[in-house]
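Chemist: So the chains spell out like this:
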Amino acid sequence: MKTIEGFQIEMDFGKFRRIADLIYYDGPFLSHYVSPKGDDYLFYWVDNDNTYNRWIVTRVSLPILQQYIARQIPLRDVIAHPNDGFIYITDVDNDLNYNNIRLVQPEKLPDDYLPADDSFYEFEPIAANDAPEMMTYQLTIPFQEHNKLESMLSHIGFPISALKKIASTAAVF
Amino acid sequence: MPQHIFKYQKEIEHLLNEGCVLPNLHLIDKMEACRFASSLPNAQNHIPQYMTNPKRMLSDITNNKATTSLLALSCFVSDTKAEKFFLALKKSNPRAVQSIGDSLSEGVLTQSDGEVTTPTPNGHFDLYEYVGCDFNKSFKITRKL
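Chains as they are written, first to last, in our numbering: chain A, 35 to 207; chain B, 6 to 150.
Be a bit skeptical, because a hint or two may be false.
The list that follows gives simulated cross-link-like pairs (lysine-lysine, DSBU-like), each with its CA atoms no further than 30 Å apart [to be verified]:
| no. | chain 1 | residue 1 | chain 2 | residue 2 |
| --- | --- | --- | --- | --- |
| 1 | B | K145 | B | K95 |
| 2 | B | K35 | A | K36 |
| 3 | B | K89 | B | K15 |
| 4 | A | K142 | B | K96 |
| 5 | A | K71 | B | K60 |
I should point out that these hints are in silico values taken from the structure, not numbers from a laboratory.
Model, not experiment: these values are computed from the prediction.
The shape of chain A in the complex, shown without the other chains:
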């Protein structure tokens, strides 16, 4: 596999909860997870060798995820321009240990680790058995309004998991 420059860090991806596989063939290529703090992440497969499967892990906002599923933005935008300005790379071994976790700037990624410019969503999400209610991908309010609504609800102390469900289904008047 290719050598990728980045900062080694400790992250416990094993505690993340799987919400859905967004691209799947014989196994996941793109999966949606939620961290214990309620943040949404995408795990994106990029490479493998005889020992590891390599994944890009990126935190993603719900509006961005919904835009991607709604085919309004390509996956390349989601991976190459993360809200945090960085992504993680990890090499997962056969025992599902997350090794060599590095914090990486997207500009350092080889081009064939990135989706194509026209990588719009042409698949169907497969919900995890225990999390179908968390699959709030439907764009039911204009995405520009999501951040305002989320900020308002967060300010009055709504928990993030409930916030996501409300933000995706509430009407905005």
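Given chain A's structure and the hints, the job is docking chain B onto it.
Modeler: Using the frame of chain A, we list chain B on its own:
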């Protein structure tokens, strides 16, 4: 009628004991199907991800998050749908070809091959193989994608 057992019965039972569930499965009458395969000589085709090393999976059975679908083989109901999926996958994951293969393999599934999930709108379904099912014999590579 002979009682069939799944090719990976032991592994399936292990996951079921850990809290996973099998999806709704249907018997096969006779259906055409496609899968991707590698055209390289000596390629290891048609092996579920759970049985490969390293597995392309993230969830952990100790957290009751593994899915039995990783013990199944992904198939498509038609070559058209398979090819459409392949092209979309290549755009989304350019290196996916090294994991799933570069070619289309086609064949006809019969009752003795296994049980299947209901196909999704994009034509994808999972096949849980019975003992004796061997795609390397029953499926043929028809074209490079």
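Chemist: Could you run down the list of hints and mark each one as holding or not?
Modeler: So, going through the hints one by one against the coordinates:
1. Taken as a hint, the K145 of chain B and K95 of chain B pair is honoured in the structure, with Cα atoms around 22 Å apart against an allowance of 30 Å.
2. Restraint check: the Cα-Cα separation between K35 of chain B and K36 of chain A comes to about 44 Å, which exceeds 30 Å; the hinted pair is violated.
3. Distance hint between K89 of chain B and K15 of chain B is unfulfilled; the C-alpha atoms sit about 35 Å from each other, more than 30 Å.
4. A threshold of 30 Å between alpha carbons decides the hint, and for K142 of chain A with K96 of chain B the separation of about 20 Å falls inside it, so the pair holds.
5. Under the criterion of a C-alpha separation no larger than 30 Å, the hint pairing K71 of chain A with K60 of chain B is consistent with the structure, at around 27 Å.
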